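Visitor: So you can see what is in the structure, the chains are spelled out below.
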Amino acid sequence: MSNINDSVLRMEHITMQFGGVVAINDLSLEVRRGEIVALIGPNGAGKTTAFNCITGVYEPTNGVVYFQGKPIALNHPQGKMIRQYAGSEADRYKMLKPIVHTPDRITHMGIARTFQNIRLFSSQTAFENVLIGTHLRRTSNVFTATFRLNAREEKRNREKAEELLEIVGLKDEMNEKATSLPYGKQRRLEIARALATDPSLLLLDEPAAGMNPQETDELGSFIVDIKNRFKLTVFMIEHHMNLVMDISDRIYVLDFGKQIAEGTPEEIQKNPVVIAAYLGVDEE
Amino acid sequence: MKKKNNIGSYITLGVVILIYAAVFIAEQTIPSTSMLFTVLKKGATYALVAVSMNLLNGFTGIFSLGQAGFMLIGAYIYGIFTIPVSMRGQVYQYFDGGLVQFTLPIIIAMILGGLAAAFFAFLIGLPVLRLKSDYLAIATLGFAEIVRAIFQWNGLGPVTNGSNMLRSFPNFNDFNITDAQGNVTVYLSTLIPFIMSGICILIIVLLINSSYGRAFKAIRDDEVAAEAMGINLAHHKRLAFCISSFFAGVSGAMLAMYQTTVQAKSFTSAMTYEILLIVVIGGIGSVTGSVLSSFLFVACSEWWLRFLDEQQMIGDFQVPLLRNGFRLVVFSVIIMIVVLFFRRGIMGDRELWNLNFTGRRKNKGDGK
Amino acid sequence: MNVWDTVFPYLLSGISVGGQYALIAIGYTMVYGILRLINFAHGDVFMVAGIVMVYIASSGLPIWVCIPLVLLITVFVGFLIERVAYKPLRSAPRMSVMISAIGVSYALQNLVLYVTGGLNKQYPTIPWISDTVVIGPAKTKLVTVITPILVIALVVALVLLINKTKIGMAMRAVSKDFETSQLMGIKINNVISATFIIGSFLAGVGSILYFTNYPTVIQTSGAMPGLKAFVAAVFGGIGSIPGAVIGAFIIGIMENIIKGLDVILFKAGIISGPMGLATFSDAFTFALLIVILIVKPTGLFGEKVTDKV
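Chains as they are written, first to last, in my numbering: chain A, 1222 to 1505; chain B, 3 to 370; chain C, 146 to 454.
Bear in mind the hints are in silico, worked out from the structure with no lab data behind them.
Keep in mind that this is a model prediction, so the values were computed, not measured.
Treat the hints with care, since some could be wrong.
[As the list claims (entries may be wrong)] Straight-line alpha carbon distances no greater than 20 Å define the calculated SDA-like cross-link-like pairs of lysine to any residue that follow:
| hint | chain 1 | residue 1 | chain 2 | residue 2 |
| --- | --- | --- | --- | --- |
| 1 | C | Lys441 | B | Ser135 |
| 2 | A | Lys1406 | B | Asp224 |
| 3 | B | Lys134 | C | Ile439 |
| 4 | B | Lys267 | C | Met420 |
| 5 | B | Lys267 | C | Leu445 |
| 6 | A | Lys1448 | A | Gly1405 |
| 7 | A | Lys1301 | C | Pro442 |
| 8 | C | Lys321 | C | Ala428 |
| 9 | A | Lys1406 | A | Lys1376 |
| 10 | B | Lys134 | C | Ser426 |
| 11 | A | Lys1479 | A | Pro1298 |
| 12 | A | Lys1398 | B | Asn356 |
| 13 | A | Lys1376 | B | Lys267 |
| 14 | B | Lys134 | C | Thr443 |
| 15 | C | Lys232 | B | Leu342 |
| 16 | B | Lys134 | C | Ile416 |
| 17 | B | Lys134 | C | Val436 |
| 18 | B | Lys267 | C | Ala428 |
| 19 | A | Lys1398 | B | Asp223 |
| 20 | C | Lys441 | B | Tyr137 |
| 21 | A | Lys1398 | B | Asn211 |
| 22 | B | Lys134 | C | Leu433 |
| 23 | A | Lys1381 | B | Asp311 |
| 24 | B | Lys134 | C | Pro442 |
| 25 | A | Lys1398 | B | Pro129 |
| 26 | C | Lys441 | B | Pro129 |
[Said to hold, decoys possible] FRET-style restraints, in silico, Cβ to Cβ:
| hint | chain 1 | residue 1 | chain 2 | residue 2 | range |
| --- | --- | --- | --- | --- | --- |
| 27 | B | Gln183 | A | Phe1368 | 39 to 45 Å |
| 28 | B | Gln183 | C | Pro360 | 55 to 61 Å |
| 29 | A | Thr1400 | C | Thr361 | 52 to 58 Å |
| 30 | C | Gln267 | B | Lys267 | 21 to 27 Å |
| 31 | B | Leu324 | C | Ser417 | 52 to 58 Å |
| 32 | C | Ala302 | B | Val102 | 55 to 61 Å |
| 33 | B | Lys267 | C | Arg228 | 34 to 40 Å |
Built from N, CA and C at the ideal position, the CB exists for glycine as well.
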């Protein structure tokens, strides 16, 4: 980890506006190589929206997202939005050509994610769920795959999927239907599936939601473990403050779509603005 | 797990070989006029188109109703390119023998039919596949109607014979091996469609169980998650659409051989509905189910329930209600019962090769 | 004879057919608005109304008894279909309901096939509206003139019903948000039944007008008008009643113009012989549908719905 200052993800002046509603307002943040960064904030603060802007589910209304120094999303208010736009920094990117990628392109570049409301492939087994994650790195085409001319690649992928399941501790359940697993295991399975896409940046959307304290503790060390093992950078949304404070290198705090604080866990814990925001909207 | 799968596959293979052997033997021993062969030939044709529709509707989650249109394309391309040159003057009597003045080998013409269907699917898929479920259904249905109109148009008569039928092209009976006097020595007219359909379905099964097949199923289960896993939705949907249409085209060619004539006006949306109902009865997401229900459907409609269409006497008592069309009423009722109460159909989403043959309850998590 | 004289009769029958499509299209659009279901059986309800009229009229009842009776039976058929085939699937995936609708369509057609023996049935001549009138250069039946007037009157009544009555308010609520309106105590099944009843009633009226112009009925008679009416509903923006009506008129007119295109172009001196373009009168409708879905999937008056991730 010599280049700890390498920027993996950088959001610059991201604003996301739906009609008249400003979900994120002028959010700028940076995640560096090898870090675990948490994005916290009360419900409805725009955290998942931020993830959706990074992963191409939404086109941000304004601003740029850089991944490993390259812009992967760039936009400025267009069409009707020019009049409606209520965010800031409206003119900053006016002269630049918008960049739009579909989510699958973003995943190709090396950003994988999990979902707040688990989205596993319900009709398939745990093993098949992970196996689908290997599909995007294929070298086969539809003919070679159909006629089994890619046997070696298929074998490699199966081994990889099995290995990932072992790492997340689901080897014994690999042939069970994904959705029949208990909640905590489903979350781990989602992580395994995301890892199967060979990401360099992992976005976790509330990985501990619905877990009990013990599971949450285990999850913390698990995240650190996979981070080191796969040389990942982790950017996560989380509500469990213990988990966040334990494993994060830095924390960004979002409230009403605006960034209200940034710093190390210690700094955030002492930050009066953050305390006010959380006390105002007591979350647990 | 792997071992068990293999057992299933071997048993399936055994069953399939037995069926083919039985078909071959039956064909040599039972008079060729038996209804059995009508059912088997048409069943094999419908099995292919049902599986191709299942690939799209059941495995990829794209609700398309364009099947009849793609079958029409396949049937016409096959017909146009295989009518013997000597017969063209007769067939294209209103169009001076037509434009095409050569013939292609049967297999080449079939594949060409499939490719043409796939090509149309590619064109229509570009805009249409972006639509959501029911809009997509109605757009593909509309597309099939447009295709029907185009092929009926007399302006294209020199190629398509306009609204007149195409005929005299090689049909299933031409596969029988005859001696010098024209007597049949080996009957193959049922086995060949079985082989054609079997090969195509095998390819579809291989596809479904490949990496691409898993991607298709992922799209069906959750588009958003599939996209987040790096699966290009547009590309994969188009792929499934084109492949499905290719096989629909091939089955159209087979239908042409079965019917011995082709006319655009018979490829109606009702035909698509019929295929859809076959898929539903068999189980959406099961290839085995589609094949089974195709044969059942054809057997019932062409053979087993025929007695319902004729007046029957039990002793002196005339059974009421029985007359022309009653078969279809009974049939519709059965279908509605399946649709409403047995929504999983015959097979649900299971396959013959995944069934548990050992009789043991499947052990949870028994690893490999 | 100038070109206008050639075009006019086609235009007139286009308006008439358009009005008849409109009456069917309203049924589609209302059901879709509430259940998000393409009621594939709706065209067949329209056909059943035609067949019922054939049989009732042949029993010798006077026409002023026949018409209400036909409408009553049609309404009952529509109501029954919903209760039997759609209600049990309320919580099932949308695809299952659509398949059920296709199944009902198949069943209705087969039932009629059985009853009629698959023969074309002559539709009874309904007095007065079958009378011949001459308008400008065209000679036509009175029904051609009545249809658009009746359609407009019915649509006005329907819009009043939806905007002024309690059941109308419930319908609007349900089409906006199914679950919430259920929570608010709206009896969802009553609203859905009312929707089917209204839709079937209008389809029944439409069938009387339609079959007066095209006087034979067979089990497949409903399929094409049904599909076209649906296209009209999509064209106008599904869920919107005025949209469906306008869409239906546009499609009816265009379709009839295309039917006469050979003649019109010939009279105008643009082509020298028949091109057989009339073949495309049906295809045109669907081409229009595909274009609309691509360019503006919400149709002319539809509301945009966004999916939440």
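Visitor: Any hints from earlier that this structure breaks? Give me their numbers in increasing order, please.
Guide: 5, 8, 9, 10, 13, 16, 23 and 25
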